[in-house]
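Colleague: Listed here are the chains, written in short residue letters.
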Amino acid sequence: MKKQWIWALPLAVFVVMVGFFAASLDKDPRELPSQRLDKPAPAFTLPLLENPQASFSPAQMHGQVWLLNVWASWCAACRSEHALIGQLAKQVPVVGLNQQDEAGAARAWLAELGNPYLATPTDDDGRVSIDYGVYGVPETFVIDKQGVIRYRHLGPVTEQSINDVLLPLIRKLQA
Amino acid sequence: MMAMLPELGLFSLIAAVVLSLLSGALLFTGAALNDSRLMAAARPLAFALSTLVLLSFACLTALFLLNDFSVGYVAQHSSTLLPTVYRVAAVWGGHEGSLLLWLLLLCLWTLAVALSSRALDPALLARVIAVMSWIAGSFGLFLLLTSSPFTRLDIPALEGRELNPMLQDPGLVIHPPLLYMGYVGFSVAFAMAIGGLMSGRIDAAWARWSRPWTTFAWVNLTLGIAIGSLWAYYELGWGGWWFWDPVENASFMPWLAGSALMHSLAATDKRGVFKSWTVLLAILTFSLSLLGTFLVRSGVLSSVHAFASDPSRGLFILVLTALVVGASLLLFALKAPALQSHARFEPLSRESLLLANNVLLCVATGSVLLGTLYPLMVDALDLGKLSVGPPYFNAVFVPLMLPLLFVLGVGPVTRWKAHALAEITRRLGWVLLVSLLLAVLWVWGVGNVSALAVIGVALALWITLSALLDLASRLRKGQRPALAVWGMHLAHIGVAIAVIGITLTSGYESERDVALAPGEHATLAGYRFTLLSAGPLEGPNYLGEQASITVSRNGKAVATLKPEKRVYLSMPGMPMTEAAIHDGLLAHVYVALADKIGDTAWGIRLYHKPFVGWIWYGGLLMALGGLIAVADRRYRPGKRKAQ
Chain X
1 MKKQWIWALP LAVFVVMVGF FAASLDKDPR ELPSQRLDKP APAFTLPLLE
51 NPQASFSPAQ MHGQVWLLNV WASWCAACRS EHALIGQLAK QVPVVGLNQQ
101 DEAGAARAWL AELGNPYLAT PTDDDGRVSI DYGVYGVPET FVIDKQGVIR
151 YRHLGPVTEQ SINDVLLPLI RKLQA
Chain E
1 MMAMLPELGL FSLIAAVVLS LLSGALLFTG AALNDSRLMA AARPLAFALS
51 TLVLLSFACL TALFLLNDFS VGYVAQHSST LLPTVYRVAA VWGGHEGSLL
101 LWLLLLCLWT LAVALSSRAL DPALLARVIA VMSWIAGSFG LFLLLTSSPF
151 TRLDIPALEG RELNPMLQDP GLVIHPPLLY MGYVGFSVAF AMAIGGLMSG
201 RIDAAWARWS RPWTTFAWVN LTLGIAIGSL WAYYELGWGG WWFWDPVENA
251 SFMPWLAGSA LMHSLAATDK RGVFKSWTVL LAILTFSLSL LGTFLVRSGV
301 LSSVHAFASD PSRGLFILVL TALVVGASLL LFALKAPALQ SHARFEPLSR
351 ESLLLANNVL LCVATGSVLL GTLYPLMVDA LDLGKLSVGP PYFNAVFVPL
401 MLPLLFVLGV GPVTRWKAHA LAEITRRLGW VLLVSLLLAV LWVWGVGNVS
451 ALAVIGVALA LWITLSALLD LASRLRKGQR PALAVWGMHL AHIGVAIAVI
501 GITLTSGYES ERDVALAPGE HATLAGYRFT LLSAGPLEGP NYLGEQASIT
551 VSRNGKAVAT LKPEKRVYLS MPGMPMTEAA IHDGLLAHVY VALADKIGDT
601 AWGIRLYHKP FVGWIWYGGL LMALGGLIAV ADRRYRPGKR KAQ
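Same order as they appear, the protein sequences are chains X and E. Note that our numbering has the first sequence beginning at 1, numbered continuously upward. Note that our numbering has the second sequence beginning at 1, numbered continuously upward.
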């Protein structure tokens with residue numbers, strides 16, 4: 001009867017899981033430091049979803065403030081933020097980086113919900129997303145006239161985050 | 001009388017909850033005192049419990065059939081225009097009713113266990129029924145306290161809001177009951193594990209008794225998942241059949257763990273090994289079923305807001321899950337050390353390969369669990385909402401499945417205890433070579449040869465050939481393989497067929513978006529699609545457009561497809577696509593309507609999906625194999641000794 005403790009291991013793991021979950025409900029680390037913040041947006045050239053012969057690269061946006069919105073058709077949260085991205089697109093050009101998606105599904109998704117994007121480069125293997133430090137979909141980056149990342153929004157944008165953070169910042173950068 | 005139906009339903013539900021909590025306590029006491037009169041109450045109590053819940057469920061069904069919109073749940077999920085069959089399906093179309101269905105199925109499983117277990121030790125049977133009664137009781141409490149389907153509206157509605165159009169589909173009529181049959185069925189293995197731990201009797205007989213119940217639950221879950229995936233395939237309009245969506249994962253995790261459980265039960269039954277591991281798996285499988293039911297039903301995953309909007313439900317869920325899982329694992333920690341396996345086995349033996357199967361399946365379950373809960377955790381940490389999508393799951397899952405499929409080809413033909421490597425190599429070495437060769441030819445016939453496609457097809461052929469060879473050699477020796485052996489091989493071939501479908505359709509499907517006016521045509525993968533006409537269509541509770549498209553190949557007509565686009569009166573803003581599919585054995589041709597362009601032309605999506613149907617044929621074969629195995633004589637009490 002050696003190693004009695006091993007039988008309690010499943011219970012211990014479960015208790016730690018529950019404990020972590022309960023404790024994490026109280027924490028509130030709102031801001032997530034980004035490695036890329038205030039650094040030049042990594043360069044890339046990716047084919048477009050609608051027309052794989054054509055391509056997009058951030059250099060094309062030089063001289064204007066723009067948003068890079070990372071999305072995928074398999075992402076439920078993207079669906080929930082899509083209407084708001086459409087509203088943002090009326091104020092500022094939005095480029096939709098389509099991450100690790102199936103072209104057919106992505107096109108059907110845009111056909112169904114509307115396409116607010118100036119361009120939709122396709123990041124099939126997720127390499128560009130890694131360069132940008134994306135760790136989940138959706139994420140939205142604000143990039144200034146000099147091509148520097150000025151803000152990174154995690155998760156779907158909300159009415160509140162647009163009015164309180166994104167739009168004021170965009171106006172300031174556009175001025 | 002009719003006017004009192006909601007009250008009658010509610011009353012019998014309350015009575016069922018009280019009865020189940022009391023009978024659980026009674027039976028546990030009886031087993032502890034070894035009082036045969038108390039323990040003998042197990043059968044009548046199970047019978048009374050299922051009668052009460054059945055009555056409650058019948059009341060809710062009657063309310064739907066009578067269109068009683070004074071009941072909030074009916075008003076929300078039905079309408080007078082809804083066809084009768086969907087009015088019955090609407091009973092489980094929402095949170096409250098589907099929990100009632102869950103409860104009903106649990107009670108029916110309890111009754112089945114009570115009636116068919118006369119050979120079981122009375123104390124063990126009493127504990128099994130007690131555990132199941134308490135589960136029923138806590139679910140019933142959850143229903144009553146947070147989500148009663150019988151609540152009346154202050155002002156009766158004149159018309160119902162109708163069932164979500166997405167759910168108005170034959171596939172979705174039977175999908176939830178099958179899924180729940182599976183979830184709930186694992187409660188038998190769970191209750192057996194708890195009862196066995198309490199009695200300190202986990203032995204071969206215990207495992208043999210648990211096996212058919214576990215397998216039957218697994219059969220239901222397999223069919224439920226397959227039908228859900230088939231539904232997504234033809235209903236969502238772009239031909240995807242698996243999305244790694246949290247709701248799908250919620251049903252897939254118990255399936256993976258249940259598959260592991262079936263195999264470790266086999267080892268415990270035949271060789272008396274892995275006892276404590278089997279017990280732990282039984283606990284985990286049912287815990288995942290609970291988690292699955294609650295994740296889906298509470299709306300925690302599909303929309304995190306639902307959690308906050310009804311905190312009482314969420315809290316109940318957390319507490320209940322923590323209690324059930326925590327108490328079971330505590331019991332395990334206390335009692336499992338006494339379980340000992342004496343049998344020894346060599347590194348190459350049926351036991352060790354079953355162990356490999358279990359490790360791989362459990363790691364797969366864990367990785368799906370991680371991917372499913374990670375977004376929830378991130379949200380709990382208030383870091384925003386994220387989706388972990390197919391890229392993660394494919395990257396983690398495929399590498400785990402390849403070795404599992406390889407082991408699947410060897411395991412069933414390896415002997416218990418020990419098997420010489422040289423003999424296995426001599427028997428199966430050429431099978432591996434032939435599979436590889438045939439796979440290259442096969443893939444070459446479908447499209448460009450890629451390594452992953454060849455590996456997938458080769459593994460599938462390897463499993464199939466090895467199974468057929470084993471059956472052939474048994475028959476040649478004049479043996480008559482038991483039903484359990486036939487079932488096992490059939491289910492394994494089912495896995496192989498599904499693997500071929502998944503491999504080839506993922507690697508070689510093609511698609512095109514076209515705009516066609518009547519008379520125009522487009523081509524895809526050698527098929528020619530001609531739009532004949534498109535016109536309006538009127539259904540019982542929807543308006544729509546239907547196109548008629550002929551498909552031909554090499555000048556020969558293949559099919560006439562009629563895809564539809566429907567707008568349900570209850571949800572005018574959300575048009576539904578009804579894809580039309582020609583389901584050939586070697587490939588599906590799939591047509592879906594996108595949008596109307598101008599007056600007569602239509603945007604149309606065309607898909608060619610080689611071997612996609614094999615995914616579901618494979619699922620069907622797996623379920624059939626399971627059913628055949630359940631029917632084996634050795635699981636029937638009394639018959640076995642006669643052999």
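Keep in mind that a hint or two might mislead.
Claimed, not checked - Pairs of lysine to aspartate or glutamate residues, derived as EDC-like cross-links and limited to a Cα-Cα distance of at most 20 Å, are as follows: (1) E:270 / E:203; (2) E:596 / E:583; (3) X:172 / X:144; (4) X:172 / X:38; (5) E:596 / X:112; (6) E:596 / X:50.
Since the hints were made in silico from the structure, they are not lab data.
Colleague: Would you list, in rising numerical order, the hints stated earlier that this structure does not obey?
Modeller: Result: hint 2 breaks, nothing else.
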